[in-house]
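Number of protein chains: 2
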Amino acid sequence: MAKEKPEIKISTESYKGVRDFYPEDLFVQNHIFDTWRRVVESFGYSEYTASVLESAELYKAKSGEEIVNEQTYTFTDRGDREVTLRPEMTPTVARLVAAREKTLAFPLRWYSIPNLFRYEKPQRGRLREHWQLNVDIFGVNSNEADVEVITIAYGIMKAFGAKDSDFIIKINDRKLVNVLYEKFGLDEENSHKVSKIIDKKDKISKSTFEASLFEIMGEKSVEFAFLLESNDKLLDHLGENKHSKELIDLIDKLEKNGVKNVAFDPTLMRGFDYYTGVVFEVFDVHPDNNRSVYGGGRYDDLLDIFGARKIPAFGFGAGDVTLKDFLMSHELIPKYTPKTKVYICSLSSDFIDESNSIAMKLREQGINVEVDFTGKKVGDQIKTASKHGVPFTLVVGENEVKTEIYPLKNLETGEEKKVKLEEIVEVVG
Amino acid sequence: MAKEKPEIKISTESYKGVRDFYPEDLFVQNHIFDTWRRVVESFGYSEYTASVLESAELYKAKSGEEIVNEQTYTFTDRGDREVTLRPEMTPTVARLVAAREKTLAFPLRWYSIPNLFRYEKPQRGRLREHWQLNVDIFGVNSNEADVEVITIAYGIMKAFGAKDSDFIIKINDRKLVNVLYEKFGLDEENSHKVSKIIDKKDKISKSTFEASLFEIMGEKSVEFAFLLESNDKLLDHLGENKHSKELIDLIDKLEKNGVKNVAFDPTLMRGFDYYTGVVFEVFDVHPDNNRSVYGGGRYDDLLDIFGARKIPAFGFGAGDVTLKDFLMSHELIPKYTPKTKVYICSLSSDFIDESNSIAMKLREQGINVEVDFTGKKVGDQIKTASKHGVPFTLVVGENEVKTEIYPLKNLETGEEKKVKLEEIVEVVG
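Residue numbers (the working numbering), protein chains in the order written: chain U, 6 to 434; chain V, 6 to 434.
Keep in mind the hints are simulated off the structure, nothing from the lab. One should not assume that every hint holds.
Copies of one chain are not kept apart here, so a pair can be met inside one copy or by any two copies together.
Think about it this way: if two alpha-carbon atoms lie no more than 27 Å apart in a straight line, the pair counts; the simulated DSSO-like pairs of lysine-lysine are [unchecked claim]:
no., residue 1, residue 2
1, 201, 225
2, 163, 344
3, 188, 205
4, 188, 238
5, 126, 198
6, 208, 388
7, 425, 366
8, 407, 261
9, 168, 366
Every value quoted in this text rests on a predicted model; they were computed, and no experiment measured them.
Could you build all of it, start to finish, from the sequences and the hints given here?
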């Protein structure tokens, strides 16, 4: 039914801070997703997912106050439920595991590629919506889990074509940091505050950093800040202990797996409150980015919030936005090629039926084929094929229908071959 | 940092009307998505996507009042923007095409598999969130487009293993219906009202249907309702005209493509206001469902709302929820099999390093391998493999490390073979 045209014309722009994915964009996105999938599935991880809508209470217990209060999309539905567009996947995967903890078999290896929302000012590397690979292993207390997951994080970078010198993997252990806090006499509340300050270290000035520490620790803050600067001095200061031994063992095991670009960094905190042990980050060393691409760690207590039994867990999240920046800076993005292999042009509209019938035969051979229905000049039809990035054209006219031999043209090389239908599959691969 | 445990335990249930996808669920979902992709890509369609967040104004012009006012998730963000969780994809794809109408080459064949939200009472076949295949062709005025898209809709059902007798494709043309409205002297407003009543025909009682028509058309409503009941009488009444000829031509062309289970249905309306010509629905004939699985039609005016030039379009949307009901009722859902092929068990914790090293070698051969880190008895490790649905186990102990020959067990048949590492790829495929 024709309705009146709206007087105000509607904008074609997307909502602020989110992206449209045209086929060329989705091609890159799918390259990222496919590479993620290939690597994590080779380690036996199974894919799960859930809705982007979650009850708001899910994030209130453990995600860190700033994230829930200031940075989420939370609204009240008509049934008076407080709903959040998930800002991270870990609470969701913990919820799914807790719901079936009695029937699931451990170790449980799961992954997902959800979209996540953060309500914040869009900037380089930070959008309001991004997609994130989440890789988690549940039910393993020993550091075999830590080793495997960090090996996967490394393997992903290599699968994208990155060299060891393009990135480093920073590692820390919150338990080791807790030993330091104890030595400096910090109680739980102040430890939490100091962690938040260290987490912001790279985003604030040196003087603000020092002043913030001073406010909590007084004179001792000078030595404290000094120790954070040097791994050797810090390890000396802490002396031999269980946690430093474990960290050294972890780094040794990673080396055995070929993961050699690993560095201990006592200032590595990760934003979320739920981490309980080893945390790590994949850090881009390219001067354009020079920042964390992704990371994760051990969270052994998160399932408590559902009243489930304790299930140890280790996992990480890798975002598509920072990863894409990494791939662009290191020139690792492949060239766009559509999945369509052949574009059929008709010499006139009279041959469209025949073109359709040829297309159906090629499709049965597993070739993806597009047919031009416009009735435009053949030259214009070939231009369309070229604009779509389709590699081959095939022209159908009276002669072709009669002889059943067709001119198949490679648009990149300009080479043309006369072929029978059954020969096409060999040429276009 | 350890924080106090929350006093109230958080629910493990998902938000109302949305689904969690455990690996077994996502397996079915991915089977649906993969089948959709395979068929539409064979016709040369390229994938695009966009964010689930859209400006609310996008839906106000053409989607139909009920849908926007009562059935969407719409909220105001902190920047005072009215935002909607997209209830359908067509306005989004129209937006993307309109934004680049000058540089895109037509005919343009695009598809997407977005998630969509409707705020309504969850019921069989209708959830608050579902995924929907969207297939659209832009820039083709002739019915070649209609034929291709309906052929794809049919091809998808066949690709899932459906028989012709499992479903019918109902077809109508809004232009033909407009001829009928004119014959009955209905003006634009009343035509719109009558369309809405016909659209609800199957959801309301016969007497309500007749009374609603009577309210608008008076005595004439009796003949009007009678004509809707019989295709022959209706076509007789309308006489030979352009639109009935076109519909017959369309049905003929579909038959030539092998699409024979097509039926003309003058009561087929489709809910959205933007359709301008042929509309169709794939209808499940199974008594458990007996309803529309999916459908679409021609919408030649939708790009007007962006102030773009007129670009004819034909498309459909196929939802995962109704399709899954169809597949279940017709017993067309495949059995769950994980992508992991081999589960490695260690005779004791001493052999976990060796198990890891074997796993890495198998992964290099393209085999997906999971390693058990628990140190449990081998029998319990095999139980875990079985619960995960992994088809093969491989046990590593002192003997195996020495001889480099490993017992590979098929968990389904119970058969065990002694193999070298390089032989495994042949056995597990």
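Cross-check of the supplied hints:
no.	hint	in the structure
1	201 to 225	within (18 Å within a copy, 75 Å between copies)
2	163 to 344	both (25 Å within a copy, 22 Å between copies)
3	188 to 205	within (22 Å within a copy, 73 Å between copies)
4	188 to 238	within (14 Å within a copy, 93 Å between copies)
5	126 to 198	within (25 Å within a copy, 45 Å between copies)
6	208 to 388	neither (50 Å within a copy, 49 Å between copies)
7	425 to 366	within (12 Å within a copy, 44 Å between copies)
8	407 to 261	between (66 Å within a copy, 20 Å between copies)
9	168 to 366	between (45 Å within a copy, 21 Å between copies)
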